[in-house]
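S.K.: The hints should help you fit chain A onto chain F, whose structure is shown.
Protein chains: 2
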Amino acid sequence: CRTSQQHSIALTVCCRYVSKAAAKTQMEFEYDGPSMKTEVPGPRSKELTKQLGEIQNVGAVHFFCNYEESRGNYLVDVDGNRMLDVYTQISSIPIGYPAEFPMFTSFSSQSAFVNRPALGIMPPENFPEKLAESLLSVAPSGMSRVQTMACGSCSNENAYKAMFIWYRNKERGHNIPSDEDMSSCMINQSPGCPDLSILSFMGGFHGRTMGCLATTHSKAIHKLDVPSFDWPIAPFPKLKYPLEEFTRENAQEEARCLEEVEDLIVQWRQKGRPVAGIVIEPIQAEGGDNHATPDFFKKLRNIARKHGSAFHVDEVQTGGGTTGKFWAHEHWGMDDPADIVSFSKKMLTGGFYHKDELQAYRIFNTWMGDPSKNLFLAEVLNVIRRENLLEEVTRSGKTLLQGLYQLQDQYPNLLSSARGQGTFCAIDIRDDATRNSIILKARDKGVLLGGCGDRSIRFRPALVFKEHHVHMFLNVFSDVLAEHN
Amino acid sequence: CRTSQQHSIALTVCCRYVSKAAAKTQMEFEYDGPSMKTEVPGPRSKELTKQLGEIQNVGAVHFFCNYEESRGNYLVDVDGNRMLDVYTQISSIPIGYPAEFPMFTSFSSQSAFVNRPALGIMPPENFPEKLAESLLSVAPSGMSRVQTMACGSCSNENAYKAMFIWYRNKERGHNIPSDEDMSSCMINQSPGCPDLSILSFMGGFHGRTMGCLATTHSKAIHKLDVPSFDWPIAPFPKLKYPLEEFTRENAQEEARCLEEVEDLIVQWRQKGRPVAGIVIEPIQAEGGDNHATPDFFKKLRNIARKHGSAFHVDEVQTGGGTTGKFWAHEHWGMDDPADIVSFSKKMLTGGFYHKDELQAYRIFNTWMGDPSKNLFLAEVLNVIRRENLLEEVTRSGKTLLQGLYQLQDQYPNLLSSARGQGTFCAIDIRDDATRNSIILKARDKGVLLGGCGDRSIRFRPALVFKEHHVHMFLNVFSDVLAEHN
Numbered sequence: 199c200r201t202s203q204q205h206s207i208a209l210t211v212c213c214r215y216v217s218k219a220a221a222k223t224q225m226e227f228e229y230d231g232p233s234m235k236t237e238v239p240g241p242r243s244k245e246l247t248k249q250l251g252e253i254q255n256v257g258a259v260h261f262f263c264n265y266e267e268s269r270g271n272y273l274v275d276v277d278g279n280r281m282l283d284v285y286t287q288i289s290s291i292p293i294g295y296p297a298e299f300p301m302f303t304s305f306s307s308q309s310a311f312v313n314r315p316a317l318g319i320m321p322p323e324n325f326p327e328k329l330a331e332s333l334l335s336v337a338p339s340g341m342s343r344v345q346t347m348a349c350g351s352c353s354n355e356n357a358y359k360a361m362f363i364w365y366r367n368k369e370r371g372h373n374i375p376s377d378e379d380m381s382s383c384m385i386n387q388s389p390g391c392p393d394l395s396i397l398s399f400m401g402g403f404h405g406r407t408m409g410c411l412a413t414t415h416s417k418a419i420h421k422l423d424v425p426s427f428d429w430p431i432a433p434f435p436k437l438k439y440p441l442e443e444f445t446r447e448n449a450q451e452e453a454r455c456l457e458e459v460e461d462l463i464v465q466w467r468q469k470g471r472p473v474a475g476i477v478i479e480p481i482q483a484e485g486g487d488n489h490a491t492p493d494f495f496k497k498l499r500n501i502a503r504k505h506g507s508a509f510h511v512d513e514v515q516t517g518g519g520t521t522g523k524f525w526a527h528e529h530w531g532m533d534d535p536a537d538i539v540s541f542s543k544k545m546l547t548g549g550f551y552h553k554d555e556l557q558a559y560r561i562f563n564t565w566m567g568d569p570s571k572n573l574f575l576a577e578v579l580n581v582i583r584r585e586n587l588l589e590e591v592t593r594s595g596k597t598l599l600q601g602l603y604q605l606q607d608q609y610p611n612l613l614s615s616a617r618g619q620g621t622f623c624a625i626d627i628r629d630d631a632t633r634n635s636i637i638l639k640a641r642d643k644g645v646l647l648g649g650c651g652d653r654s655i656r657f658r659p660a661l662v663f664k665e666h667h668v669h670m671f672l673n674v675f676s677d678v679l680a681e682h683n
Numbered sequence: 199c200r201t202s203q204q205h206s207i208a209l210t211v212c213c214r215y216v217s218k219a220a221a222k223t224q225m226e227f228e229y230d231g232p233s234m235k236t237e238v239p240g241p242r243s244k245e246l247t248k249q250l251g252e253i254q255n256v257g258a259v260h261f262f263c264n265y266e267e268s269r270g271n272y273l274v275d276v277d278g279n280r281m282l283d284v285y286t287q288i289s290s291i292p293i294g295y296p297a298e299f300p301m302f303t304s305f306s307s308q309s310a311f312v313n314r315p316a317l318g319i320m321p322p323e324n325f326p327e328k329l330a331e332s333l334l335s336v337a338p339s340g341m342s343r344v345q346t347m348a349c350g351s352c353s354n355e356n357a358y359k360a361m362f363i364w365y366r367n368k369e370r371g372h373n374i375p376s377d378e379d380m381s382s383c384m385i386n387q388s389p390g391c392p393d394l395s396i397l398s399f400m401g402g403f404h405g406r407t408m409g410c411l412a413t414t415h416s417k418a419i420h421k422l423d424v425p426s427f428d429w430p431i432a433p434f435p436k437l438k439y440p441l442e443e444f445t446r447e448n449a450q451e452e453a454r455c456l457e458e459v460e461d462l463i464v465q466w467r468q469k470g471r472p473v474a475g476i477v478i479e480p481i482q483a484e485g486g487d488n489h490a491t492p493d494f495f496k497k498l499r500n501i502a503r504k505h506g507s508a509f510h511v512d513e514v515q516t517g518g519g520t521t522g523k524f525w526a527h528e529h530w531g532m533d534d535p536a537d538i539v540s541f542s543k544k545m546l547t548g549g550f551y552h553k554d555e556l557q558a559y560r561i562f563n564t565w566m567g568d569p570s571k572n573l574f575l576a577e578v579l580n581v582i583r584r585e586n587l588l589e590e591v592t593r594s595g596k597t598l599l600q601g602l603y604q605l606q607d608q609y610p611n612l613l614s615s616a617r618g619q620g621t622f623c624a625i626d627i628r629d630d631a632t633r634n635s636i637i638l639k640a641r642d643k644g645v646l647l648g649g650c651g652d653r654s655i656r657f658r659p660a661l662v663f664k665e666h667h668v669h670m671f672l673n674v675f676s677d678v679l680a681e682h683n
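Protein chains in written order, with my numbering: chain F, 199 to 683; chain A, 199 to 683.
Don't take each hint at face value.
Here are the computed distance ranges between Cβ atoms for each label pair [stated by the list, open to error]: (1) I385(A) <-> E252(F): 32 to 40 Å; (2) E555(F) <-> A258(A): 16 to 24 Å; (3) L638(A) <-> G257(F): 35 to 43 Å; (4) I374(F) <-> S676(A): 26 to 34 Å; (5) D428(F) <-> Y559(A): 39 to 47 Å.
Rough simulated footprint, nothing fancy, chain F against chain A, three-plus residues with beta-carbon under 8 Å [said to hold, decoys possible]: (6) 587-597; (7) 615-624; (8) 633-643.
Please keep in mind that the hints were generated in silico from the structure rather than gathered at the bench. All C-beta atoms, glycine included, are put in the ideal place defined by N, C-alpha and C.
Next up, chain F with everything else stripped away, as it sits in the complex (with noise of 0.2 Å):
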């Protein structure tokens, strides 16, 4: 077939294979750049929309994939479509779209991802070993325990229940519940089940289950029709980007919020919902690429200890080294910078990694993760260092925003408060409806891009995308602007 032809001749061009054995394997494979044959979604796309629409809602489905026939930054669609991915599947493919791995010509590896066990009971020999290979190895600073789980929402889930677990353990002076507490919680009655609160802030996005949903406040969409929990809801700083342009200003709304913060603490607490934790993004992704300075962060920290709160950095779609650190929150310059830190999307396990004081006995399901997505993190963290992709996210990701100052300079209408870490970058468009004209358009020209918030576009490309990348994207971009200007 025609695709699968151009396929062959673009690897002969521009990459050379390599051997299995060889290490690096998958980062070798490329394509030249994006090439169209259809609209998108092409006809093979509506084709297979339709008989999905007969099983499941396909409200949100874009268009399906050749997953085979994607490489690197490049996603190949159905109808031979190959695109730019500065989207990567919400933020959550790490190095891109490895062909192979391999560990998966050995026997052993394929028993784990046949025989999946229940970890919190039988776990695997290779367990502890896997964990202090993959995610110990990343661990934030300041913790050294871990807990995985299988997606996002559960992460955040179990983390919220061992931030309420703590502080009622820390209100009795003991961690043994009394008669009242055992009868109590079996009714949904307190003190059993306690009236306690998780702070959150207005945009955050921290999952869609019910106690993650009760601190996500991004759109209407995600929260209508589900019952949820009287919690305080905080200001997120609304800042001017450039940040260093705006310091003065931007210092002044960070206090406020700040204050507002404090205040919803104390007024929790006269109202019997103490506030057992915060939660924050380090940047507020979903919400609209929302950033706040490392002083805001620090300030935060201390007002949760202040008041004995835990402090819960949510780094689910930050997190795995897109703002140029492996862990957003290291730009904060801090030796503790939280007590809970969850992650999930490109370390393609959920989990959380906590204190020693958070320590969570009861925190437990069926599967607690998968292993074999243990096995796949090892892997992409031994890319990440062989290849100092953290390095090379920090230089595209230079490259990037100062492309995209110079576009906001050239399109003053259409374009502002280009802002980014690393190639977690972002900028805001004129209004809703040109956002949304623009990323299709830019789709129809071969590269793949996301919105967030009310008129933003975020950019979420994987580790690999390099400065060459970068120059195609914005070559896209400034010709999909000149037709909206």
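M.R.: Frame of chain F; chain A shown alone:
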């Protein structure tokens, strides 16, 4: 090493090797019986538990496993102990421990494992086909739609959301939210986050994330210290076994519970927290293997219909063939058994089936399950069909229950209430301490069992548990009981 040498001998004696290409592969390998080398946990398990304890809570870890050496009904631990597994990773291994799956050899399936898509926006080409081959091929009566999820808790959480959304649309008379809905939901307030409830049953277990946990009432330790919702909790019938010998008393008990259900629905409506849905397990598993009759479930389903509440059957533990039918609710003999059926565990992926009316337009997350698990499930279903495993389960289940009845006659002071459907059986032990001692003694003799409820033992073998495995189990169990009489 001695273990693998023994393993080769066992294979030579009792099995014939089949080539990879042959259809039966993993079904053919099995050991000829348990083989114990150390007490359990053995020294290597203890060492690894200590190691893992540095990283995470190990309070629930039984021992570490060698999944590479595990085959069929036999789980091998890291000390070389080979045990007949009648617990199967908390009832989550469908066809025993397979050594390998043929699909791993093809390049395209490797890509499916490595490149995890965001299924809700960019599914792989074969996704509709694999859903049809796997989940849809075993869809419950009246349901042609299915949504995959990463785990059992997420499945129930999202099923609850689908019921809330459906209920609110019904209340509104359409699916267009008001401005007040949209603005109030952003701050967790009604009407956007409405005061709706899910009715659940005392003794039920539906998971441990916060929405699920509000409907879970099997053990205090699951719920303690976690804030909850004020939702109605009905009594689950406490029946006498064998059911057919106590039909009149049991019918009275069921009538009492059904009356209470209706009262609660009315009360909660009056309280301003209408019951949007009722959730129930066909057999309360974690809560102690509590059965109810088809008549109870038929009437309950009618009560749900009468009061306009959705009816959600949680088949996370009962589904996948273990009761002798693919879904336990098939034993009720109804054309329209439920509005939602959730699953996980033996199905390898989480998710829920639902009727068209519960079309869940706003059910979404990043991964929406894991398509690699659908590939496995399709293979597993092929094996179930080819080997007529549901018949096998029915046959083994009869033998198992018969054996339990005999032991119960033999040890009337020790055992009571033997009960079961298929191999999904249980028996009550004199008291909690004796139950736990029996489980540990059986393990040291090479049989893995699990507890449930206050003093029950639950039997949860894989679907490949044949009559000769039943006899092997009964022999060991009988020896252990003799020691406890």
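S.K.: Work down the list of hints and note, for each, if the structure agrees.
M.R.: These are the hints, each one checked on the structure:
no.: 1; hint: I385(A) <-> E252(F): 32 to 40 Å; in the structure: holds, 38 Å
no.: 2; hint: E555(F) <-> A258(A): 16 to 24 Å; in the structure: holds, 20 Å
no.: 3; hint: L638(A) <-> G257(F): 35 to 43 Å; in the structure: violated, 52 Å
no.: 4; hint: I374(F) <-> S676(A): 26 to 34 Å; in the structure: violated, 39 Å
no.: 5; hint: D428(F) <-> Y559(A): 39 to 47 Å; in the structure: violated, 27 Å
no.: 6; hint: 587-597; in the structure: violated (count 0)
no.: 7; hint: 615-624; in the structure: violated (count 0)
no.: 8; hint: 633-643; in the structure: violated (count 0)
In the structure shown, a violation is registered for the earlier hints numbered 3, 4, 5, 6, 7, 8, in ascending order.
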